[in-house]
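From first to last, the protein sequence lines are chains L and B. Here the first sequence stands for residues 17 to 168, where the numbers follow the numbering used here. Here the second sequence stands for residues 117 to 835, where the numbers follow the numbering used here.
All the pointers check out, no bait thrown in.
Pairs of lysine-lysine residues, derived as DSS-like cross-links and limited to a Cα-Cα distance of at most 30 angstroms, are as follows:
1) K349/B <-> K85/L
2) K151/B <-> K308/B
3) K676/B <-> K790/B
4) K298/B <-> K279/B
5) K151/B <-> K519/B
6) K284/B <-> K308/B
7) K86/L <-> K349/B
8) K777/B <-> K70/L
9) K349/B <-> K70/L
10) K548/B <-> K349/B
11) K777/B <-> K682/B
12) K70/L <-> K86/L
It should be emphasised that the hints constitute simulated quantities derived from the structure, not laboratory data.
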Amino acid sequence: MAIILVVNGTSHTLDVPPDQTLLSTIRDNLDLTGTKYGCGEGQCGACTVLLDGKPVRSCITPVNAASGKKITTIEGLEQNGRLHPVQEGFLHQEAFQCGYCTPGMIMIAVALLQDTPHADEQVIAQRMNGNVCRCGTYPRIVTAVRMATRRG
Amino acid sequence: MATKIFTDAELEQLQHEAVRRLRYGFELDRRDFFKLMGGGLLVCLSWRAVTAQETREPVPRGGDDEPAALAAWLHVNEKGLVTVYTGKAELGQNIRTSLTQQVAEELHVPLSSIQLVMADTELTPYDRGTFGSRTTPYMGPQLRKAAAAARVVLIQMAAERWKADAGKLVASGGKVLDPQSKRSISYGELTKGQEFVKDIPADVPLASPNDWKIAGTPVPKLDARDFVTGRHKYTSDMTRPNLQYGKVLRPRAFHATLASLETADAQKIAGATVVRDGNFVGVVAPSVEVASRAVDALHAEWNAPKQISDRELYSYLRNSVGSEEDEGEQPSHRVGSINDGLAASTKTLAQTYTVAYIAHVPLEPRAAVAEWSADTLTVWTGTQRPFAVQEELAETFHLPIEKVRVIVPDTGSAYGGKHTGDAAVEAARLAKAAGRPVKLVWTREEEFTWAYFRPAGVIDAKAGVRADGTILTWEFDNYNSGPAGIRTPYNVPNQRIEFHPADSPLRQGSYRALAATANFFARESFMDELAHAMAMDPLELRLKNTTDARLRAVLETAAKNFGWGKEKSSPRRGFGIAAGTEKGSYVGTCVEVAIEGENVAIKRVVEAFECGAVVNPNGLQNQINGAIVQGMGGALFEAIHFDNGIILNPHLAQYRVPRFKDVPQIEIEVLDRKDLPPAGAGETPILGISPATANAIFAATGVRLRAMPLVPNGLKSSS
Chain L
17 MAIILVVNGT SHTLDVPPDQ TLLSTIRDNL DLTGTKYGCG EGQCGACTVL LDGKPVRSCI
77 TPVNAASGKK ITTIEGLEQN GRLHPVQEGF LHQEAFQCGY CTPGMIMIAV ALLQDTPHAD
137 EQVIAQRMNG NVCRCGTYPR IVTAVRMATR RG
Chain B
117 MATKIFTDAE LEQLQHEAVR RLRYGFELDR RDFFKLMGGG LLVCLSWRAV TAQETREPVP
177 RGGDDEPAAL AAWLHVNEKG LVTVYTGKAE LGQNIRTSLT QQVAEELHVP LSSIQLVMAD
237 TELTPYDRGT FGSRTTPYMG PQLRKAAAAA RVVLIQMAAE RWKADAGKLV ASGGKVLDPQ
297 SKRSISYGEL TKGQEFVKDI PADVPLASPN DWKIAGTPVP KLDARDFVTG RHKYTSDMTR
357 PNLQYGKVLR PRAFHATLAS LETADAQKIA GATVVRDGNF VGVVAPSVEV ASRAVDALHA
417 EWNAPKQISD RELYSYLRNS VGSEEDEGEQ PSHRVGSIND GLAASTKTLA QTYTVAYIAH
477 VPLEPRAAVA EWSADTLTVW TGTQRPFAVQ EELAETFHLP IEKVRVIVPD TGSAYGGKHT
537 GDAAVEAARL AKAAGRPVKL VWTREEEFTW AYFRPAGVID AKAGVRADGT ILTWEFDNYN
597 SGPAGIRTPY NVPNQRIEFH PADSPLRQGS YRALAATANF FARESFMDEL AHAMAMDPLE
657 LRLKNTTDAR LRAVLETAAK NFGWGKEKSS PRRGFGIAAG TEKGSYVGTC VEVAIEGENV
717 AIKRVVEAFE CGAVVNPNGL QNQINGAIVQ GMGGALFEAI HFDNGIILNP HLAQYRVPRF
777 KDVPQIEIEV LDRKDLPPAG AGETPILGIS PATANAIFAA TGVRLRAMPL VPNGLKSSS
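For reference, chain B alone in the conformation it holds in the complex (with noise of 0.2 angstroms):
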């Protein structure tokens, strides 16, 4: 079987026979490996070798003590075909064709002769989540190793058919080649009839990017046509035989206990089943419209504590640190002595700035399809983080862990917010009360309600500046929104950089660039406040404060772009800059906002942005154009109400996001770093523009906007 580029069906089927054979001791099950995928060349890298070479990324469950821990493998079959497996989950930012690139490039096959298997936690390696921009980082370099040490055994399996010298074979286009003799024989033939494992050094030496062919390129998205067709499944387009809907009935406020259930009314609806079990509440049902009306003819009691709103949000941030215990220990960054360093300045300032809680707003909401046979359990999902849904499915219904399987189809974005199991955990107690497989997909308004949103918080910031505008102390306390992108890139002498985690009245997670939203626009908008202060130029003051050569050519460029310093900000239109690092690449972000009365547009944006080796340009230009569009929402209007346990405005009418007509024009230059090793690009490139825009609008009016968003309802109502 496997002989050729797998149709959905065949895949499926695959999959379900290789459940759990690859799971534990997978030393052993090798030869089932085969069995499965007919014979070939296996190529495992071990968690071990990774380690080796001192990755930041963590080792699985287990631990790197076992050996048969696996980060990746990939499988040549008979064809010559080559089967990519990564725990890792295409949500849009384009991984599914960038790693495929990286295997070609080191495999030297063609990109149509690669398939990857993603995110299965039966058929891919355990991974930890996709998320932190670590996939090009960290799975790029493992499966970039898999493919060269595959084409390393390939090139040796054909000098020992050939009985000639490796060093003089060459591999192309998924042939192994003599130059001399002019004989060539392709991965499939060399494959044939083998069933050859091989471990991967931990040293196996990779391309320069400065060599790439097939990575480095702007190859088009593989499975594009898919999407224009409306051909490719998310997991909300999941259909199973005697498919079941789903509903959960939710509370009337967080944290609210069920105090009496009336269930009779809904009981009366055909086909309606429901479902109880504690606090849970749902419904079963032949049809979405079915299961909604009887989830609306219960009739619940709920118990609620007395909560806050969002008026009382900042004060009760500040003066609820420390009461989050399981926290842990926050170490603060100090450098220097902040009393000296004050001592030497001639300008102290102090501001304080606000980020509200937002909401992800994927398109897909959440969703969830789940099937139960016998005691083992089988849901589809949209997670960024399928192992952990694993784990959370395994403890919730007491099932062994090699009794679970999480598969995550290509899923409809997720932007940080789909790390937790929430819809398949709901989907499965409702197929096991069923006994039939279930469909859950989360509504919008369940979605601004029960998913969790970007924490807000509140940050201090306090600097002593010279007379020549170089910065000798920095002052940086974050309140509850989080710690990333915390640390200053300016060279400050004196520094003492510290989050306190705070009681978050809403349920909050990761975000797309998680804090370093908050911490840039407070730092970035501190260093405009403090140029002003010093009567300087906000790029100048910068730039003194920097030798960071990294940090430095993204400013000047984006700065060079936009034609800064070229033309003063007016009462009508404003231009800002804001920069930094996070995650290992660089973002410079110039805007131009106009001013018409109290409304605020920005007109134009220009970002320069470098993440080391480009692996993709044309995937990394959409994310970083999306990026800024998407971080415009925060920036200017995006904010979640809440009061007593209750989203105010949970519905897309009452929760503003980024349309065609708020889009301004947008230039990005791409500084391609070939010496540098690909950084992650998802998040980064949203930094810059909230900042750079509360500047605008201060250049423009005089106006000093510090809490995010900016302008909701327009300017006067803001200062």
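With the rest of the complex left out, here is chain L (with noise of 0.2 angstroms):
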């Protein structure tokens, strides 16, 4: 079954099985592998992607779900060479260590700034407590997302 897909502003069609998972297909049939496996039950958040500006977990979401609705992964946060600022805040923190946690982190901290521009340490780590950073970077990634919210 043919299922068209837009990622980052292109549009894919991809003949897959509709229950095959939106993290697989992205990772697997687009070779867009910034997002990632973390425990495969939406736990973690390391699989985290907007699906039209929301964060989902793509990990528990079938592909046929994401089907013809705007998808946006890590890879399509750089504009023209240019880093979101939720980037910038990482870089400029090093809010990370093996990095595996990374683009998770990015991604909902992108999806709260989105709704909550001006989110205090409190909101930031209420949001962001479904995703985990085994290294134990939590609190340079408070200060990332933070220095975000004030240029965003």
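Make one complex out of these two single chains by using the hints.
Here's what the structure looks like:
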């Protein structure tokens, strides 16, 4: 069955089973590997992408649920060589160690700042609590997102 | 070739072309090296030179009798670009940056002209593995020596060219300068057309940390941008032409053997191929989903022996001592006479502590991409021990070692959990059957079940104390969890300290700081109990019993920054302290907990840390902070539950890890000792948090918790 996915502004027609996860599809069919598998059960947030601007766990989202919607992945944030303010914040604070959680962290933060541009530290911790950084870099991540709220 | 900073594709090509040439008899192949790398200067540090300096780093297989056995090498090409080869792996501990800084420091080149090739069994020198906080104290000095030697040679080359006195020339910014004549020449010009090989003498002098200009500074992670853009390729992101996806059928319980297997339903699934080899059953398919579906369609019967549950764990461990024959004799540490010490003691105390199995939960699960080409095997995998995995693969597939290549892309963390080659072996077996490259990424459930765990343990502590608080006897018995960090750093005249290997019901292995987490928890909790028994302040008791200036410094710094003693603990607010030394570094930790009903929350952590001369204060802060947060999980709530060969909580929804809302205020002070050689820092900062938290909970509530995790279900159920 042909599924149309609009990822980072580009439309793709894919022949994949409708129940294949959005995560596998963008990683394995489109080779956009910035989005990560972390747990496969929506508990860690490493697979977070935006679906029509809203954050979803792509590891538990069937691809047909994303058909025709606007999908933004970590690869779609940089515009003409300019990083998104959240990416800038993470880079400036070096808010990562192994970096594996970073794309998911950045995507959830981008979504957070879209509806709460002036989120304080408590709101950030609250809204990002579903994303795991096993290296424990949380304080720097909060500071990075705070930086982005001031810039964005 | 190789005339600029390599792109990924170029590096890939270069790596393929270099297969085997650097492997055996490197002496003979140095010409080939230049064919590959272009001309220039090649600097080699032999193990003989390393071991001559009595480092504790063991020599590689083959031993140091083999003159060609090299510990490190670096190449300066005709453009002045430097390629450094090290068998260490980057796992998030930031050594790609910190090692590059050290090379830049000694070679006097900008960071941007250095490329590190890491953890590739064909290209890099043999290395036992990236663990034990060894990279900074051992690999750092080796690369500094290689770089310093290269600088000396380059100055010498310039002196010969100019007929000048080498002693009057200086190296700076990738050039040799003659301050008198104002002449200068770049490293690239010097090495052009040359094929110069230099073996490093053992005694090449290094810059003092006091004079460091690039090392010792907070250089940002070198490839940081790739991590915020998603461009960095982990093993699990790798792709190969004609790649297939693998999945393994896991037994229903540990130690199970396959009784019967029905594959017909799975074989009907389009694209799926079932592979069976002994107890190993797997599937290769064109997508992860199809592979999973095919595995689900396999009908297997397993025979599994009856196994114990976590409820019986601690008595089982204590009673199974000595059954692990291959552990060998574990000599005990004995000083003085316990009986004499006890006779002089006014107070004695004995307590038992326990530590549960916990999981590493690296966010990138174990993963491998395996590719066979004729009879050679290449595997990309996230491991801390590429050369051990290479051996594991060679052994498993009956291949000569040089037919196996293991490459470790910078990996999504490990924490001691990625020493083995499980995923690599599985992917290779499936790829062999499929005749195509196979990627295998463990699911989180597989991670929680089929990886190994931080050992559980039981620890008995006994001490005798004189009325003034001087500890006279110290007896310490650790069952199963391990001997790391088992010694006491306090001055006790009479000691008996023993590790008792036991029969672990679960597969266990390394974890960040090994058993030091268990031993620190027991020791520093027990020190706190002794202080209360003697009606002394816990800080005072510790200071009274140590003359180690470095230990005193971290204790006093943490206490001062925390405001220790300024306020008394109250039923809803408790303060605790702990300290110690491990792997050459020192940690002092103060914790404030808040008690609300049955809930315990860590509110504030103040840590003082000292690891000799600091190589990168930015990366170090990140490691210390991360260790504190990770340590909170094991301290408060992480535990693996199991029964009869089955893990009962193999999901993140059932196994709680620290999250944003758990994070307290964290204040870190690093004591930079430029007069001391750098020590590793990835492990020791995790050690203070558990005992300091237990001590803070006691200070608030009067409830002494002697089991890690301390409060998996809140306060009441733990007491």
